[in-house]
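Student: Sequence:
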Amino acid sequence: MKKVPVSVVIPHYNNAGTIERAVMSIAGQTWKPMEVIIVDDCSTDKSSRAVLNDICQKYQETLNLVLIKNNKNKGPGASRNIGWNSAKGDYVAFLDSDDAWNRKKLEIQYGYMKTNPNVDFTCHDNLLKGQTKDINERYSVKEISFNKLLYKNVIGTRTVMLKKSLENRFVKNKYHSEDYLLWLDIAYDNNTIRKLNIPLSYSFSHPFLGEGLSGNLLKMYKGELDSYTRIFKEKKISVIKYIIIATFSSIKFLRRLYIQIRQKVFGV
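Numbering-wise, our numbering puts 113 at position 117 of the sequence shown, and it's gapless, one number per residue.
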């Protein structure tokens, strides 16, 4: 069994129904990580605590599983920081407790970063539940610049692997678009970011469609605007660029809201 110097960080909060699926997808990797760090963000339901205890007993030896319990709810960004800061691997990969990985994810992604040590950060394509696509290991790679990332966040947290040594961190007490803000900060600091055009992860809910998500859609929109405002105040973008991307973000929000309403009313 080959182990690689990758620490996997999973923030968890009241996800008793999905957390084991995420951990199982790590246990099934062709190349295993050196450790898996679950950061429980002060879960309140008893079932979550019971499931976490069962997972620790089942996977502690095979995955070198570490459970960190926050003494109060701190949010996903702060929880990822806690796991990141305690990681022992040269690389850190993130997985949310309601997502999963393809079994060759670490082999392919770590393999790429190992053979390209100048690359600081990689991500890859993702599949939504129900989508299918053959894994062709002859994939293309594209570079992601700060300017490209400004107009569209093409980086899903579940797809990220980065060098542990990066000094950037998730902003504390930010609950929406905290990941996007971090990616922008990392890109702005001239770190090399590459995207592997191969789907190596799975998500099980649509990012802006589904039941009762209009409130979440608004929160996502406000979070994105907050991220743009922060980088503008830090003088990373000009006034003109700030206006352009904020307008573009508003148009995306209205379009997604229209699609969501159409789905609810007409079922299409």
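Treat the hints with caution; some may be incorrect.
Calculated cross-link-like contacts (lysine-lysine; reagent style DSS-like; alpha-carbon spacing at most 27 Å) [unchecked claim]: (1) 215 to 231; (2) 42 to 138; (3) 138 to 168; (4) 160 to 191; (5) 232 to 159.
DEER-style ranges, computed between Cβ atoms [unchecked claim]: (6) 65 to 131: 34 to 44 Å; (7) 94 to 56: 13 to 23 Å; (8) 136 to 250: 11 to 21 Å; (9) 135 to 20: 34 to 44 Å; (10) 125 to 255: 28 to 38 Å; (11) 50 to 26: 41 to 51 Å; (12) 250 to 133: 18 to 28 Å; (13) 132 to 244: 13 to 23 Å; (14) 141 to 42: 43 to 53 Å; (15) 26 to 143: 16 to 26 Å; (16) 231 to 165: 32 to 42 Å; (17) 162 to 111: 35 to 45 Å; (18) 125 to 247: 21 to 31 Å; (19) 165 to 42: 47 to 57 Å.
Hints are computed from structural coordinates only; laboratory data are not their basis.
We put the CB at the ideal spot given by N, CA and C, even for glycine.
Student: Confirm or reject each hint.
Tutor: Right, here's what the structure says about each hint:
no., hint, verdict
1, 215 to 231, "holds, 24 Å"
2, 42 to 138, "violated, 44 Å"
3, 138 to 168, "violated, 30 Å"
4, 160 to 191, "holds, 18 Å"
5, 232 to 159, "holds, 23 Å"
6, 65 to 131: 34 to 44 Å, "holds, 36 Å"
7, 94 to 56: 13 to 23 Å, "holds, 22 Å"
8, 136 to 250: 11 to 21 Å, "violated, 33 Å"
9, 135 to 20: 34 to 44 Å, "violated, 25 Å"
10, 125 to 255: 28 to 38 Å, "violated, 18 Å"
11, 50 to 26: 41 to 51 Å, "violated, 25 Å"
12, 250 to 133: 18 to 28 Å, "violated, 40 Å"
13, 132 to 244: 13 to 23 Å, "violated, 33 Å"
14, 141 to 42: 43 to 53 Å, "holds, 47 Å"
15, 26 to 143: 16 to 26 Å, "violated, 36 Å"
16, 231 to 165: 32 to 42 Å, "violated, 20 Å"
17, 162 to 111: 35 to 45 Å, "violated, 19 Å"
18, 125 to 247: 21 to 31 Å, "holds, 28 Å"
19, 165 to 42: 47 to 57 Å, "violated, 32 Å"
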